[in-house]
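Enquirer: Residues per chain are reported as follows:
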Amino acid sequence: MGVIASPLHVLAVDDSNLDRKLIERLLKTFSYHVTAVDSGSKALEFLGLQDVEKFPEVEVNLIITDYCMPGMTGFELLRKVKESTSLKDIPVVIMSSENVPARINRCLEEGAEEFFLKPVRLADVGKLKPYLSKNNRKTAEEEECVLNDKSIATHDEVDTFAKEERQVLPEGQSC
Amino acid sequence: MAAVPQLQRQFIEYTTSLYNEGYLDDQFTQLQKLQDESNPDFVVEVVSLFFEDSEKLLNNLATALQQNIVDYKQVDSHVHQFKGSSSSIGAQRVTSVCVLFRNCCEEKNLDGCLRCLQQLKHEYINVRSKLEALFRLEQQILQAGGSIPMME
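Just so you know, the sequences run in chain order U and X.
One gets my numbering by counting positions in the first sequence from 1 and adding 1326 to each.
One gets my numbering by counting positions in the second sequence from 1 and adding 40 to each.
Keep in mind that a hint or two might mislead.
[Unchecked claim] In the DSS-like style, the derived pairs of lysine-lysine whose C-alpha atoms are separated by at most 25 Å in a straight line are:
#1 X:K73 x U:K1354
#2 X:K96 x U:K1347
#3 X:K73 x U:K1453
#4 U:K1455 x X:K73
#5 U:K1347 x U:K1453
#6 U:K1347 x X:K170
Source of the hints: derived by calculation from the structure; they are not laboratory data.
The shape of chain U in the complex, shown without the other chains (with noise of 0.2 Å):
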């Protein structure tokens, strides 16, 4: 008897209603399992949550984030991601409203896998399957010792962090 494999779940993250609507329609056009969250704080709270004492197993297999959001910017978040050891391998994906090729770069760089100007399209949204073949998949041995790394960030850590991405950005520059 085969394994029923449970859909591709997809971490979405917009402080606008309007557009986590639009990008949890877009994603589930392709049948991939949604949670949809209003800041990179809650994104990483859901992310920390993967407790298999508390929860049932909630594999998030891709994040896809605005850039411009109060609080943690998408770019924060990204870069929390990379840095942790068990949520590194998660591929994310940035959307912005602002073609700015200097940030994009800086996405790309950091290690986002794309960069998505808004609004988004069903056609960007199909360049995600990659991203997201069986193969991106951890097997559940690996997912065991990920599991038990506790390396995620803290909210103070976030906090510090933030403000010394805020002195990085030149004066003036906004979103």
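Dock chain X against chain U, hints included.
Expert: Frame of chain U, contents of chain X only:
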């Protein structure tokens, strides 16, 4: 009650004019493509969110521009949100005014900002009444037993 073919023709003509006059752009068509039997009210739901967001943002903008010392970063942030939601539904004219508005914010031009706010209100009210008319037409077609023509 008008016959279905007549209503459908009206619908096609009206929709076409909205695109030709720049009220709507291709993003609106993209929204319509996402509507199906399992999501039959998707467009209305998304547009309703746009109406809610817009009205809140117009109030926020009026308040922000009335302050003794105007915080242009705050004003810009509201306009940025407005631009985002209008472009997400394809309300092209609204988006265009937002672009001009952001320039005025950057220049800290109060008169320019106030003019842009008036223009923004005007364009928003226009597109809202046009979309409401479009949805009414759709309802008439459906109630007469017809189907909404697909626009290419």
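Enquirer: Taking each numbered hint in turn, which are not upheld by the structure, reported in ascending numerical order?
Expert: Those not satisfied: there are none.
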